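Engineer: Residue numbers (my numbering), protein chains in the order written: chain A, 1 to 215; chain B, 216 to 520; chain C, 521 to 627.
Accuracy of the hints is not assured; some may be wrong.
Said to hold, decoys possible - Restraint ranges, calculated between C-beta atoms of paired labels, are given here: (1) B:P421 / C:Q548: 47 to 57 Å; (2) C:E595 / A:Q137: 49 to 59 Å; (3) C:H549 / B:R234: 20 to 30 Å; (4) B:Q281 / A:E198: 22 to 32 Å; (5) C:A577 / A:Q137: 18 to 28 Å; (6) B:D395 / C:H549: 46 to 56 Å.
As the list claims (entries may be wrong) - To give an idea of the chain B side of the interface with chain C (calculated C-beta under 8 Å), a few residues: (7) Q237; (8) T241; (9) L299; (10) R302; (11) A366; (12) I368; (13) V515; (14) L516.
It is worth saying that the hints were derived from the structure and are not from the lab. Note that the structure is a prediction, hence the values are computed from the model and not measured. Each residue gets a CB set at the ideal place from its N, CA and C atoms; glycine is no exception.
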Amino acid sequence: MNERVRLLVETADDELILGWRDSEWTGIAPFLEEDVAFSSIAQNEVGHARALYELAARELGTTADELAFDRRPGEYLCAPFVELRRVDWAQTIARHVLYEAADELRLEMLKASDDAELAGLAAKMDREEAYHRIHAQMWEERLRDEPRFHMALEELWPASVALLPEKLRPRLADRLGRELPASLNGLERGNHTPEWPELWEQMTEVRRAVPGAAW
Amino acid sequence: MSALNQLGQEQELLEYVQRGGQVETTDWMPDEYRRLLIKFIEMHGNSELMGVLPEREWILRAPTLQRKLALTAKVQDEAGHSQLIYRVVEDLGKPREQCLADLISGKSKFHNVFHYPTKTWGDVGIIAWLVDAAAIISQKALLKCSYAPYARIMKKICWEESFHILHGRDVVLTMMLGTDEQRELVQEALNRWWGPLMQFHGNPIPMEQDPMYHWRIKSQGNDEARQQFLDGYVPQIWELGLTVPDAELRKDEESGRWHFSEPDWDELKHVVTGHGPKTKERLELRRMNHEETEWVRQIVLAKAA
Amino acid sequence: MGSADRPRQGRVSVYEVFRQERKGQAFQHAGSLEAPNDAFAEEYAREFYGRRQESEALWVVPRSAVHEIDDFVDELERNYHRVDGYSLKAKLKEARERAGTSARGDG
Numbered sequence: 001m002n003e004r005v006r007l008l009v010e011t012a013d014d015e016l017i018l019g020w021r022d023s024e025w026t027g028i029a030p031f032l033e034e035d036v037a038f039s040s041i042a043q044n045e046v047g048h049a050r051a052l053y054e055l056a057a058r059e060l061g062t063t064a065d066e067l068a069f070d071r072r073p074g075e076y077l078c079a080p081f082v083e084l085r086r087v088d089w090a091q092t093i094a095r096h097v098l099y100e101a102a103d104e105l106r107l108e109m110l111k112a113s114d115d116a117e118l119a120g121l122a123a124k125m126d127r128e129e130a131y132h133r134i135h136a137q138m139w140e141e142r143l144r145d146e147p148r149f150h151m152a153l154e155e156l157w158p159a160s161v162a163l164l165p166e167k168l169r170p171r172l173a174d175r176l177g178r179e180l181p182a183s184l185n186g187l188e189r190g191n192h193t194p195e196w197p198e199l200w201e202q203m204t205e206v207r208r209a210v211p212g213a214a215w
Numbered sequence: 216m217s218a219l220n221q222l223g224q225e226q227e228l229l230e231y232v233q234r235g236g237q238v239e240t241t242d243w244m245p246d247e248y249r250r251l252l253i254k255f256i257e258m259h260g261n262s263e264l265m266g267v268l269p270e271r272e273w274i275l276r277a278p279t280l281q282r283k284l285a286l287t288a289k290v291q292d293e294a295g296h297s298q299l300i301y302r303v304v305e306d307l308g309k310p311r312e313q314c315l316a317d318l319i320s321g322k323s324k325f326h327n328v329f330h331y332p333t334k335t336w337g338d339v340g341i342i343a344w345l346v347d348a349a350a351i352i353s354q355k356a357l358l359k360c361s362y363a364p365y366a367r368i369m370k371k372i373c374w375e376e377s378f379h380i381l382h383g384r385d386v387v388l389t390m391m392l393g394t395d396e397q398r399e400l401v402q403e404a405l406n407r408w409w410g411p412l413m414q415f416h417g418n419p420i421p422m423e424q425d426p427m428y429h430w431r432i433k434s435q436g437n438d439e440a441r442q443q444f445l446d447g448y449v450p451q452i453w454e455l456g457l458t459v460p461d462a463e464l465r466k467d468e469e470s471g472r473w474h475f476s477e478p479d480w481d482e483l484k485h486v487v488t489g490h491g492p493k494t495k496e497r498l499e500l501r502r503m504n505h506e507e508t509e510w511v512r513q514i515v516l517a518k519a520a
Numbered sequence: 521m522g523s524a525d526r527p528r529q530g531r532v533s534v535y536e537v538f539r540q541e542r543k544g545q546a547f548q549h550a551g552s553l554e555a556p557n558d559a560f561a562e563e564y565a566r567e568f569y570g571r572r573q574e575s576e577a578l579w580v581v582p583r584s585a586v587h588e589i590d591d592f593v594d595e596l597e598r599n600y601h602r603v604d605g606y607s608l609k610a611k612l613k614e615a616r617e618r619a620g621t622s623a624r625g626d627g
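Construct the complete structure from the given sequences, taking the supplied hints into account.
Structural biologist: Right, here's the structure in full:
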């Protein structure tokens, strides 16, 4: 896997799995208006994953769906941060806030890439992400007096750092007014959370039922 | 208002709606009309809200990115529909929180089809295609509802539902063009869903005896809706080589009417009164979810004191 | 759950949404939603009435800002400034006869 493909797949895996987790709220969000809004965010994330997989798939001579769903669990390159199962709304919003901050920096980097195709896609994604950022900001403002929200931010912060390459991490810490963790034991890409096997099982269940079939 | 005046006004309104007139939120309406509206519209909202539960499990299992997106969008639409519907009920005088409380406690009802389990990806296709088709037939008839705010949201709902049916049909078609295993999944799902589908539009009540028709809240009889469903969709089912699990099912070419085995009305009654295979489990999920997210609504949405 | 001294409680308002389907068309009432403030209301309106790019533009207004008027008086039937106040048929017939230009349809 060359550098370009690796970067594409890492980013796509992040967006796919975060989108997967975020889509868990569809139909059961805290109230109906928010249900619709948050579902669009989840769909955008999966949509971004699809576009990124398509670029990688072309290079690898496969399809986006095969890349997204037909790998073994150990072959996924997402940051463990996106795999975590967050059943509480405060935790979900905390992750949302941290992810959007990190993703903004990542997209900035991709938009500046010499790779025209990648830069173009990053620009498109960034235009959609602008609304995610507004949404995250809105909720951050609303939850700012909630202890459980602050606890969730504290708890999730170290894992969120792993979303970015080393060189961007100090900027993230700066932006969020936090200290970079001394070590990211087990939180770097290449590691997976205890909930990952179950997530992978569910995600690939139907596809594995009839391998190679069209759906 | 004197009793005689009230009676006169009620008669006037009745004649008005029977002539095709429409009523707005701020218009005077008799208690009976308001009561019937709330009950009917609330049940619709409940159904959209309960319908998301079987379907959302499959978002996570969707076997392609396209299907994942489409299914998420479909369930999103349904949550959106329940918002539109509960808003109408709220403007009629019953707050959303009360509707949710009555749903969770089992006091109010939701449509039969949402009390059943989903077992395979075959169900996903059959539900999106045929259950949504059955629903859209009723929904199109509601475009003429005498209560205008409800008729207006039905326009948006029908427009959004149109992609649901296409998506469902696409899922089914793709499987029918696939492997024997996939075809078997579709047929097996159809076998399980046919009974509930035939019960969906309700037992045939003569229109003259139906207060919903009296006030032009509904303008289509249950039997008529069922015939429309069969007319539209049985040919589509048969042309794929699927069989419908009813030996009696056939169209009388002379009368243009479909004959079928009498649906199990006892099963329908049993299910909608809260005894479906998945009723308790799904209401419990709603109750738990409602409790767990109460703090968010407190912070964001508490009504003004 | 819920402490007695919670500092901030949400207050929900109903917002009305008007949408313009295509450029040049009038904004029409599309529906209503509940939101704690303008920022949320805008986000939700965007989602409910624009997630499929089905609207050209939206107006989002707190319901309290909308004043309904549905009673209009016309006790004296002022049709002098309406089209239905002008029936020219009889006068036209007479004028054509006078000018000798009557057509067959004048009856």
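Engineer: With reference to the structure, classify each hint as holding or not holding.
Structural biologist: Verification of the supplied hints:
Range check, B:P421 to C:Q548: Cβ separation about 38 Å, and the 47 to 57 Å hint is violated. Distance hint check: the CB atoms of C:E595 and A:Q137 are about 56 Å apart, consistent with the given range 49 to 59 Å. Between C:H549 and B:R234 the CB atoms are about 24 Å apart, so this pair conforms to the stated range of 20 to 30 Å. Distance hint for B:Q281 and A:E198: a CB-CB separation of about 24 Å, consistent with the stated range 22 to 32 Å.
C:A577 and A:Q137 have their C-beta atoms about 23 Å apart, which keeps the hinted 18 to 28 Å range intact. For B:D395 and C:H549, the Cβ-Cβ distance of about 52 Å falls inside the hinted range of 46 to 56 Å, so the restraint holds. Contact between B:Q237 and chain C, as hinted, is not supported at the beta carbon level, the nearest pair being about 14 Å apart and thus beyond 8 Å. Against a cut-off of 8 Å between C-beta atoms, the interface hint on B:T241 holds, since the closest Cβ of chain C lies about 7 Å away.
The criterion of a C-beta within 8 Å of any C-beta in chain C is met by B:L299, whose closest approach is roughly 6 Å, and the hint holds. Proximity of B:R302 to chain C holds as hinted, the smallest CB-CB distance being about 5 Å (cut-off 8 Å). Hint status for B:A366 relative to chain C: violated, with the closest Cβ pair at about 13 Å, above 8 Å. Below 8 Å, beta-carbon pairs count as interface contacts, and B:I368 has one with chain C at about 7 Å; its hint therefore holds.
Checking B:V515 against chain C: minimum C-beta separation of about 4 Å stays under 8 Å; hint holds. Interface hint at B:L516: satisfied, since its Cβ lies 4 Å from the closest Cβ of chain C, which is below the 8 Å cut-off.
When each numbered hint is compared with the structure, violations occur for hints 1, 7 and 11.
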